[in-house]
Each structure stands twice: as structure tokens, then as C-alpha cells.
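Single-letter residue listing:
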Amino acid sequence: MHEASIVRSVIDIAENEARKHGGSNIRKIKLKVGEFRGVVKEALEFSFAVLKKDTLAAEAELEVETVRLRVECGACGPVDCPMNDFNLLCPRCGETLTIVEGQEMQVEYIDLEDAEVICTR
Amino acid sequence: MHQVMIGADILEANEQMAGHNSGHFEEHGVYVVNLMSAPGAGKTSVLEQTINRIKDDLRLGVIEGDLMTTIDADRISALGVPSYQITTGTVCHLDAKMVHSALHSFKIDDLDLLFIENVGNLVCPAEFYLGEDLRVMVFSTVEGAEKPKKYPVMFHESEAVLLNKVDLLPYSGVSLDELRRNVLEVSPETMIFPISCRTGEGVDEWIAWLKQKIEFGNGERRCVRLNS
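These protein sequence lines are chains A and B, in that order. Its first residue numbered 1, the first sequence is counted upward by one per residue in our numbering. Its first residue numbered 1, the second sequence is counted upward by one per residue in our numbering.
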């Protein structure tokens, strides 16, 4: 259950950004998590519900977008690689495939209710 | 409502701390191996076998990670090798900060090679870079040939996989060929060493490879995090 550690980092990042923008009420946190990471969406949501208390994200909703695994072969191009039979050997030529997408683990954005518009220039 | 675009890696803080650890290791000329596996696969036994064969050639140290007890650190100390036990309480993996704290009470100045034995867990430790040079996984053959397909991330993140307990193959009915094929499908570049800590089979081959890694890796350090 390392999702709790991950959620703690998410809240830290969101709170820092909120403070930077003069906001104190985060309404939404949007994450992008690749399919090929050892992270379970439901466990993230559960951890978030518990850990958001007494933070600037206490009233926030968490949206987790799962990024599908996409792999390709240098010679043959895109290859279908289902998560339930993960195989990084090209079915056509046997070369090692490259993971193009599906390893993301990002805070994409946050929505702030009461942010000041800060001029960064 | 105001939307703030961030685009930050969630584990950025851990990666930064790991980079800091890596700097410490480099400064002291220590090569660091992060050893991962499910509980009971034989990480500590692999360390005992490895230590007994190389402790006259290299100055060794071990950081142990477990939820509780100092049993593993005691096993390593019994071999005359300095060890430090991190007890995580309920946390299922080591992170860079825990390793950094350990470095304050555990001297690495005189070491050539430091092993970090991670908490036994087939999922979580793979997500947390500690600042190591090399990631090695121990997998016991009795766990079943299909496990690389079920838990692909850790296999994919490891530069070498030690297939331990091959002496039990006749009793477990697990096919070594099938297991090997599954590891290679999940992680085609990974080195595979079938070993038995019980009989000593295959341990010399693993050590020869490790020594080669240390020799070439120490001059030119690189981040072994395979997915970045």
C-alpha cells in the first residue's frame, strides 16, 4: 500500500502550488497515472479521502486519469501489448520494444477556488 | 475557479533525495546495490552467500529494511560486516529519505560496496529510487513461473534477476524454462542467474557479473532507474 506515500506527495505538491498562487482552497487535483506503474487507482482514492483532512485539499476531489500502455518496435512500429500478457519482445521480429506511454505519474493540474491572479513577469 | 497547470512528477521529492544520496555515494566511492524481492525469496541468504565469497576482496556494508525486528541486520553482523537496520513500522518499502537518515548513523566512508536490502514486497519498492547504482531482484522459483507476468514492474526495473531455490525445482514442479521466458518477455535486457543459496549453485556466476559491474560502474556512475 505505497499509495499512501504517493498521495502524501500529491498533497504536498498541490499545497505548495496553491500557496504559490495565494489560494487556500483546492477544489480538484488531477493526476495522470500510467498503466505500467505499480499503482492502484482505488487505493489512491481511498488514501486521498483519508489524508486530505486538515490540508488545503480537504474539500478537493481527486481525478485519476489512467494512461494506457503504448509500446513500439524500432523496426516494425506500434505493437499491441495488453497488460494481462505483458511482453516486450516484438511478435514480428523479436526485437526489444520501447515503452512510449503508460509510465506516467504526474500531477497534471489543480483547481483553486480563491487564487489571486499573480503576474509572473 | 482558477486552474494551475503543474505537470510535476509525483515522486519528484523522492527522486531529488535519491539524487542527493547518489551524490554521497559517489563522493565516498561506494557502489550501491538495491536488493528487492517478495518476502521469503531469500534476499538475506543471497547476501550471506555473496558476503562470504567477496568480503576478503571488498569492504562491505549492508542497510537492512524491514517492518520490524533486527533479525536480518544481526545475521549480517554475525559475518563481521557492518550493518544497519531500518525498521519502517508499517511502511511497505524503503524511500530515499529513510536511506538518507540511515547514512547519518551508518558510516559509508570506508566502504567499496553497500547493499540495501529493501522491504520484502513484490510491488512497492520498485517505485522508489534510493540513489543506487544497480537494482537486483531475487525471485524464488517456488513462487511460480507466471509471477513475472503478474508483477511485471519490478522485473522490468531490475538489471539482474536471481532465480533462487533452484534446488527445489524437482519438488515444486515449476519449469525453469517457462520462468526464464516470462522474465525475458517482461524485461528483455535483464541478466538472469539461476542460483541456490542452499547448495551454492550459480552463486559464483552472479558474483563474477556483480564484480564486473562494480569495476566498470564505479568509474562512470549512472542512474539505473530504467524507466526515466
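Don't read these hints as lab results, they were simulated from the structure. Treat the hints loosely; a few may be bogus.
[As the list claims (entries may be wrong)] According to the in silico footprint, chain A covers these stretches of chain B (three or more CB under 8 Å from chain A):
#: 1; segment: 22-31
#: 2; segment: 85-96
#: 3; segment: 158-167
#: 4; segment: 183-197
[Said to hold, decoys possible] Label pairs and their computed distance ranges (CB to CB):
#: 5; chain 1: A; residue 1: V50; chain 2: B; residue 2: D57; range: 32 to 38 Å
#: 6; chain 1: A; residue 1: T55; chain 2: B; residue 2: Y171; range: 26 to 32 Å
#: 7; chain 1: A; residue 1: D54; chain 2: B; residue 2: Q212; range: 49 to 55 Å
Computed from a predicted structure; not experimentally measured. By construction, the Cβ of each residue, glycine as well, lies at the ideal position given by its N, Cα and C atoms.
Each hint, compared with the structure:
1. 22-31: Violated, because only 0 residues of the segment 22-31 of chain B bring their Cβ atoms closer than 8 Å to Cβ atoms of chain A.
2. 85-96: holds (count 4)
3. 158-167: Not satisfied, violated; 0 residues make the cut.
4. 183-197: With 6 residues closer than 8 Å to chain A, the segment 183-197 of chain B meets the three-residue bar; holds.
5. A:V50 - B:D57: 32 to 38 Å: 49 Å, violated
6. A:T55 - B:Y171: 26 to 32 Å: 52 Å, violated
7. A:D54 - B:Q212: 49 to 55 Å: Taking Cβ atoms as reference, D54 of chain A and Q212 of chain B lie about 52 Å apart, which means the hint holds.
Checked against the numbered hints listed earlier, the structure breaks hints 1, 3, 5, 6; every other hint is satisfied.
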